[in-house]
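K.L.:
Given next are the chains, with one letter for each unit.
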Amino acid sequence: MNTSAGASEKNQAAETGGAASYFSALWAVIWKDLAAEWRSRELLSAMLVFALLVILIFNFALELDALARNNVTSGVLWVTFAFAGTLGLNRSMAVEKDRGCLDGLLLAPVDRSVIFFGKAISNLVFMLVVAAIVLPVYSILYNVNLFRPGLMLVIFLGSTGYVAVGTLLSSMAVQARTRDILLPILLFPVAIPLLVAAVKASAGFLQALPIEDIRPWLNLLGVYDVIFIAVAFMVFDFVVEE
Amino acid sequence: MDAKPRLLTILDAVTALMMTAATIMVFAYAPMEAVMGPVQKVFYFHVAHSWVGMLSFVVAGIAGIAYLRTKNMKWDIVGLATVELGMVFMLVGIVTGSIWARPIWNTWWTWDPRLTTTTIMELIYAAYLMLRQGIEDPERRARFGAVYAIVGVISVPLTFFSIRIFRTIHPVVIGSGDAGAEGSFDMTPRMLQVFFFSLITFTVFYFDLMWHRIRLGSLAQRVEQLKLRLSE
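Here the protein sequences come in this chain order: A and B.
If you read the first sequence in this note's numbering, its first letter stands for residue 1, the second for the next number, and so on.
If you read the second sequence in this note's numbering, its first letter stands for residue 1, the second for the next number, and so on.
What the hints contain is simulated information worked out from the structure, not anything from laboratory work.
Worth double-checking, as some hints may not be accurate.
Claimed, not checked - Which residues of chain B face chain A? A few of them, derived with a C-beta cut under 8 Å, are:
| # | residue |
| --- | --- |
| 1 | Leu68 |
| 2 | Ile124 |
| 3 | Gly134 |
| 4 | Ile135 |
| 5 | Arg140 |
| 6 | Arg143 |
| 7 | Val147 |
| 8 | Tyr148 |
| 9 | Ile150 |
| 10 | Ile154 |
| 11 | Leu158 |
| 12 | Phe161 |
| 13 | Ser162 |
| 14 | Ile163 |
Glycine included, C-beta positions come from ideal geometry on N, C-alpha and C.
Make a model of the complete structure from these sequences and hints.
P.N.:
In structure tokens form, the structure reads like this:
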């Protein structure tokens, strides 16, 4: 409706501020999310408890004995991250929508992509925090060492792509009537290449395969990240405009 | 708009004729494949349906971009029409493929790259339809549908590549898509003719159905507007 107004607003912001103001606005959005989370702790605690429950269920469902563990650890980890991530993504956008915060954010005289990147980065932080707690717990429970630099890299790349698409899709999902059930249905089929690559690359690092075998997966992760960050950046405007 | 356009009636007739001709050609003109026998005939329908399915999802992506650029509701109707048709064609493609695979691969299903990608594609567009169902405001529904169609059409080739790499690293899983789909027999010139005729026929069939579906979409839109005016 007010696309022209939005556009001129955007140009103004770009002209007056430049890169410095872009980053300070970006930081403001991220800071707002982190501060709110620090005070309520509702999102992270839910994600964490959920993640641990998923691991518990896997333990009984798959009989994770020593032999099985070698093969399925990376799969279990990524399913856990993906499920917990969906929970976090949905909640982080639903909070904005319910309390009218999203409208406030949209009224701010900043480029819309600031909102997208701000939300995506704070979602990424939440996912990485969950990973940082799940990894040691898993290591202790199953007596495997998960602290390998390669695995860290895969988790970072995988989570980046996941939150890029997830932030875009969750901002659509929360505006729908069926929002509680919609996000995983929208997100999982388009995130499959990412999850396949992440699981395979993680398994490669955990089984200490030669780097030549892992590289195609890392490349795919990188390609996915770049493509989907770019696409989400381009279309996010259309998702939040009113 | 109101009366059915004459050109559409002609297209209907042409499509019906071509479909009949294609069916006759497949069963009477195309030679019997020596090894596989009659079940190979499914190939002419299978490939044609899968091709149309793929085409219609690409059209959905293009319609999505066109909608976001122009904000013309026509593109939204095109997008929905093509996704619905694509899902049906793809499903027929999967089912005919299974019918062929049962005697040839000795299984209804295998997690081969093409099969898996096709399934994920169906799921993406099922999600597209569910997303649309959850939104009442037509303008927002169109915008979100367009965005999701674009995301979906980009994700599909990546899925294909990801499963492809997967298979080359783990050669345990039987059958790469190529050897199964067409590499396992050489087409004679007659087979080629029938094959291309069938491809063209189903493509024409797709456009005919698209035209009908778009007409239906525009009429539905008009009904919706009239209802809104009544309630005001």
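K.L.:
Hints first: check each against the structure and report whether it holds.
P.N.:
Status of the hints after comparison with the structure:
no., hint, result
1, Leu68, "holds, 5 Å"
2, Ile124, "holds, 4 Å"
3, Gly134, "holds, 4 Å"
4, Ile135, "holds, 5 Å"
5, Arg140, "holds, 7 Å"
6, Arg143, "holds, 5 Å"
7, Val147, "holds, 5 Å"
8, Tyr148, "holds, 7 Å"
9, Ile150, "holds, 6 Å"
10, Ile154, "holds, 6 Å"
11, Leu158, "holds, 4 Å"
12, Phe161, "holds, 7 Å"
13, Ser162, "holds, 4 Å"
14, Ile163, "holds, 7 Å"
The structure meets every hint from the earlier list without exception.
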